[in-house]
Amino acid sequence: MLCVFLAPAPYILLFSLLCVKLGVVGGTAFQFSSWILKQANPPTYLLCMATYLHSSFYSFLIFFVCFCFCFFSCCLFICFLLQLTPNLFLKQMLERYLKSDADNNNDKWMTEGVTKTWDNLMLQNQCCGVNGPSDWQEYTSAFRVTHNDADYPWPHNCCVMDNRGEPINLDGCKLGVPGFYNSNGCYDAISGPLNRQAWGVAWFGFAILCWTFCVLLGTMFYWSRIAY
Numbered sequence: 000m001l002c003v004f005l006a007p008a009p010y011i012l013l014f015s016l017l018c019v020k021l022g023v024v025g026g027t028a029f030q031f032s033s034w035i036l037k038q039a040n041p042p043t044y045l046l047c048m049a050t051y052l053h054s055s056f057y058s059f060l061i062f063f064v065c066f067c068f069c070f071f072s073c074c075l076f077i078c079f080l081l082q083l084t085p086n087l088f089l090k091q092m093l094e095r096y097l098k099s100d101a102d103n104n105n106d107k108w109m110t111e112g113v114t115k116t117w118d119n120l121m122l123q124n125q126c127c128g129v130n131g132p133s134d135w136q137e138y139t140s141a142f143r144v145t146h147n148d149a150d151y152p153w154p155h156n157c158c159v160m161d162n163r164g165e166p167i168n169l170d171g172c173k174l175g176v177p178g179f180y181n182s183n184g185c186y187d188a189i190s191g192p193l194n195r196q197a198w199g200v201a202w203f204g205f206a207i208l209c210w211t212f213c214v215l216l217g218t219m220f221y222w223s224r225i226a227y
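Quick note, the sequence shown lines up with residues 0 to 227 if you use numbering that gives the first Met the number 0.
Simulated from the structure, these hints should not be mistaken for laboratory data. The C-beta atom is built at its ideal place from N, Cα and C for all residues, glycine as well. Worth double-checking, as some hints may not be accurate.
Said to hold, decoys possible - Simulated DEER-style distance windows between Cβ atoms: (1) Glu165 - Leu193: 43 to 49 Å; (2) Val144 - Asn103: 15 to 21 Å; (3) Thr84 - Leu216: 33 to 39 Å; (4) Gln136 - Arg163: 23 to 29 Å.
All chains, full assembly: derive it from the sequences and hints.
Pasting the structure below:
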């Protein structure tokens with residue numbers, strides 16, 4: 000359901016994966032050079048390359064680049080989480096919910112996805128808008144362009160529904176009578192599960208990164224003391 004809210008996420012995750020891959024390549028090069036130097040009669044070109052990579056300066060450089068890329072990928076993901084503010088969801092809702100004209104097929108797909116997501120979100124969580132029903136009154140939106148304020152002060156999915164999925168009192172909902180419309184916003188329903196799960200994964204990854212730092216540092220120190 001949240002995929003349409005997180006359209007930039009694939010690009011951020013792909014860049015993070017690229018950082019991790021570059022870090023893994025650096026670590027693999029260091030380990031490969033160590034393995035070459037342990038062989039009895041390695042080819043001359045491999046021996047030269049391994050000696051070059053395994054020298055103190057270049058070992059540190061490879062290790063540092065490896066760590067920096069992995070660390071940056073974690074920081075990038077954490078920064079992305081910090082950007083999940085109400086304004087991010089509010090802007091998308093106001094621009095795309097029930098938008099009447101689409102520029103292209105991709106814009107049409109995004110509009111339909113946002114509209115369907117918000118309809119399901121407001122019905123399932125009995126909420127309205129991002130911060131509350133006032134979002135539909137205080138801001139200009141694509142919804143307001145095609146729906147007049149008297150009949151649709153907010154979407155009908157903001158109304159309290161009966162067992163048949165219809166407003167229990169549509170007129171009371173339009174007038175904002177307490178008990179006939181949902182006065183709470185949907186931001187907590189959106190961000191709550193995402194923050195709980197994503198922050199846990201982010202800190203777990205950071206803990207693994209710290210552990211890897213110690214392991215790689217110890218490994219580099221160990222190999223640098225072996226005489227070849």
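Against the structure, the hints:
1. The hint said 43 to 49 Å for the Cβ distance between glutamate 165 and leucine 193, and at roughly 31 Å that hint is violated.
2. Our hint of 15 to 21 Å for valine 144 and asparagine 103 holds, since their Cβ atoms are close to 19 Å apart.
3. A hinted range of 33 to 39 Å holds for the C-beta pair threonine 84 and leucine 216, which are about 37 Å apart.
4. Checked against the hint of 23 to 29 Å, the C-beta distance between glutamine 136 and arginine 163 comes to roughly 28 Å, which is consistent with it.
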